[in-house]
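Chains Y and Z supply the protein sequences, listed in that same order.
To convert, note that position 228 of the first sequence is 228 in my numbering; the numbers rise steadily by one, no gaps.
To convert, note that position 1 of the second sequence is 1 in my numbering; the numbers rise steadily by one, no gaps.
If you are wondering where the hints come from, they were derived from the structure by calculation, not from laboratory data.
Careful: at least some of the hints might be erroneous.
Claimed, not checked - Residues from chain Z that face chain Y, not an exhaustive set, calculated with beta carbons under 7 Å:
| # | residue |
| --- | --- |
| 1 | 43 |
| 2 | 46 |
| 3 | 47 |
| 4 | 50 |
| 5 | 174 |
| 6 | 200 |
| 7 | 201 |
| 8 | 202 |
| 9 | 206 |
| 10 | 210 |
| 11 | 211 |
| 12 | 231 |
| 13 | 235 |
| 14 | 243 |
| 15 | 259 |
| 16 | 264 |
Unchecked claim - Derived DEER-like restraints, expressed as beta-carbon distance ranges:
| # | chain 1 | residue 1 | chain 2 | residue 2 | range |
| --- | --- | --- | --- | --- | --- |
| 17 | Z | 74 | Y | 168 | 58 to 64 Å |
| 18 | Z | 136 | Y | 55 | 44 to 50 Å |
| 19 | Y | 261 | Z | 195 | 20 to 26 Å |
All C-beta atoms, glycine included, are put in the ideal place defined by N, C-alpha and C.
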Amino acid sequence: MLLLQLLVNGLESGFLYALTAVGFALIFGATRIFHFAHGATYALAGYGFILGERLGLGPLASLGIALAAALGFGLFIEGAVYRPIERSRGAFFTLFVAAFGVVIAVQSLLELGFGRSYVVVSSPLSRAVSWNGLYIAPLFWISLCTALLLFGALALFLKLSPYGIALRALADSRFLIRTYGLSERRLARLAFALGSALTVPGAVLGALSTGLTPSVGAHIMLVSLTAAVVGGIGSMPGAALAGILLGLTETLAVDVLDTAWSEASGFVLLFLFILLRPQGIFGAELRR
Amino acid sequence: MPQSHAWPRRPLLAGIAALPLFAIRRARAEEPYVLGTLFPMAGPNAEYGTIFTAGAQMALAHIAEDKMLSRPIVLRAEDSQGTPQGGAVGMSKLVNVDHAIYVLVGFTGVSKAAAPIAARAKVILVNGGGVGPDLAGLSPYYWNVIPLAPDEIRTIVPYLASQNLRRLAFIYINDPFGNGVRQSLKAELAKVGGSVVIEDAILPTDQQFGAIAARIRDAKPDAVYFASYGAQQAEIIKQLRDSGITLPLVTYSGANIPSVETLPEAEGLVLTTQASALSSDDPVTQRFVRDWRAKYGTDPTAYNQNYYNAVRLFALLTASLEKAGKPVNGDTLRAELLARRRFPLVGGEGVFDDLCDISMKIVVNRVEKGKLVPLT
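Just chain Y, same shape as in the assembly:
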């Protein structure tokens, strides 16, 4: 029963990780920008939801605020930070440092606006109910349905919609995008908008279950990055699967190892992939 309970807990964490990691993978895959501030998008979305709840606007309007915060920030950083640096042929490291600065600025702004303490939205949805000795919260089913729905919708969008096909083309060759007269910039903005929007469900579910602090983005970024590498850089199905795998690894490790190894086990997984399968689960084999 303990193993089954850990499996349920692992899946619940894994769905949240997967949703955020897919957003990061989408942005990196399409634009090749290492969006280090992805965790800050998550934090802003979560705090946007909390703001709505504090103002008594109800869950739907709060969700709208979270979405607006994530989209606004994603488009802002693409247009005001990454684009000017890329225009002046800034190196990868310059982009990284700029994003790092933005993360710190966002954290400080959240501290000023909401204080430095832990915040959470209390909801009956996070309270587990016993089901044949297994404790499952309604949020588990919500996480599961949201993840499946969004991954399905994203897969269909990328496969069938002209914009989705263009996004995949952008990931393959920027030169071809220009040859076909498509706007590289508009597609990059679309990638940022979609990638940022994908943080919203995870952030809202996080605000309802684990709670948030202004520094929550750092942990989320670490998880997204690990999932993106394990899944195969730029591969969205890979990132989703790796996110779930990470959640399961962290939780199931508790059954066989000391609890202190829980978080480290995710990085052991990353290390093993780098050693044995550097291209990740679904990544293409590297050519020398």
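Using the hints, position chain Z against chain Y.
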């Protein structure tokens, strides 16, 4: 020959030459005393930094109002991030760049990292927040104005035994503080025939506790004792309750912060704290409580009180040294503390032992509707 009224040349030149020396002496007399703070100001433990600093700032305001010292005091802040590494870096800067002579510190790991640096520079380090057992006598220049964890454990374990809660699940941060609490808890439990039936070491960065809840449910203990700090405490409480753990949750004074006490899931949480000073009728306490309520609209916490006391202690010691015409440094401050031992502080008379640690009464409380209600 008429007598010349001109000034003798040599004394005049000597006087002019000595003028800068007077200027330097005067400038030195107005040089401020530099106090440092080494608190977590960002990250998941930043709430403590805000609380600690607020207590120190109110003491500074009162010292200035009362004109207790001949020189002003300036406060230099360094962010320890709540980590030993941050503590060592911050302490080096406070000592070598800011030339602080008296530094306020919190957190066990930070204290242990900063204490050797302070001892080498003979700078006084005063702890009002960390409770790790090995903070007692860390160095001659390290003082505690807070009772340490063994005092809290010695109070809570007999209480739990009286409630027939002897088999405990124990969650602790795997750092010097958590390991110290673990040692004390096991030793005290053995005295009352109790034991730790399951223990989980966690990292300060851990955020998921659903798996631990599953393990606890499996082990069927009487209660859960956790030793963590900062935002993580609220995460533990919420996730244990959300996972269906209805057992009594027990902890130490680290949970005496608003974000924990006002958490709906923390209703019924049992925690030890130093005895409340709010009802004390001495003028120092009354003024502190009155001004605190006027400024913040809430009652001060024990941490606010401790850091107020730490700064007030500096002013009381320095005022004595100034009166005696002695220099103010780590050695003279320590000698003065050991010579006097008793000081009028918030909460009544503060009495220090040979290790420069204050002694205080510990009480067991329960969180009821966001407030602490004393049980003992």
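Comparing the hints with the structure gives:
no.: 1; hint: 43; in the structure: 5 Å, holds
no.: 2; hint: 46; in the structure: 4 Å, holds
no.: 3; hint: 47; in the structure: 4 Å, holds
no.: 4; hint: 50; in the structure: 6 Å, holds
no.: 5; hint: 174; in the structure: 5 Å, holds
no.: 6; hint: 200; in the structure: 4 Å, holds
no.: 7; hint: 201; in the structure: 4 Å, holds
no.: 8; hint: 202; in the structure: 6 Å, holds
no.: 9; hint: 206; in the structure: 6 Å, holds
no.: 10; hint: 210; in the structure: 4 Å, holds
no.: 11; hint: 211; in the structure: 4 Å, holds
no.: 12; hint: 231; in the structure: 4 Å, holds
no.: 13; hint: 235; in the structure: 6 Å, holds
no.: 14; hint: 243; in the structure: 5 Å, holds
no.: 15; hint: 259; in the structure: 4 Å, holds
no.: 16; hint: 264; in the structure: 5 Å, holds
no.: 17; hint: Z:74 - Y:168: 58 to 64 Å; in the structure: 60 Å, holds
no.: 18; hint: Z:136 - Y:55: 44 to 50 Å; in the structure: 48 Å, holds
no.: 19; hint: Y:261 - Z:195: 20 to 26 Å; in the structure: 24 Å, holds
Violated hints for the displayed structure: none, as all numbered hints are satisfied.
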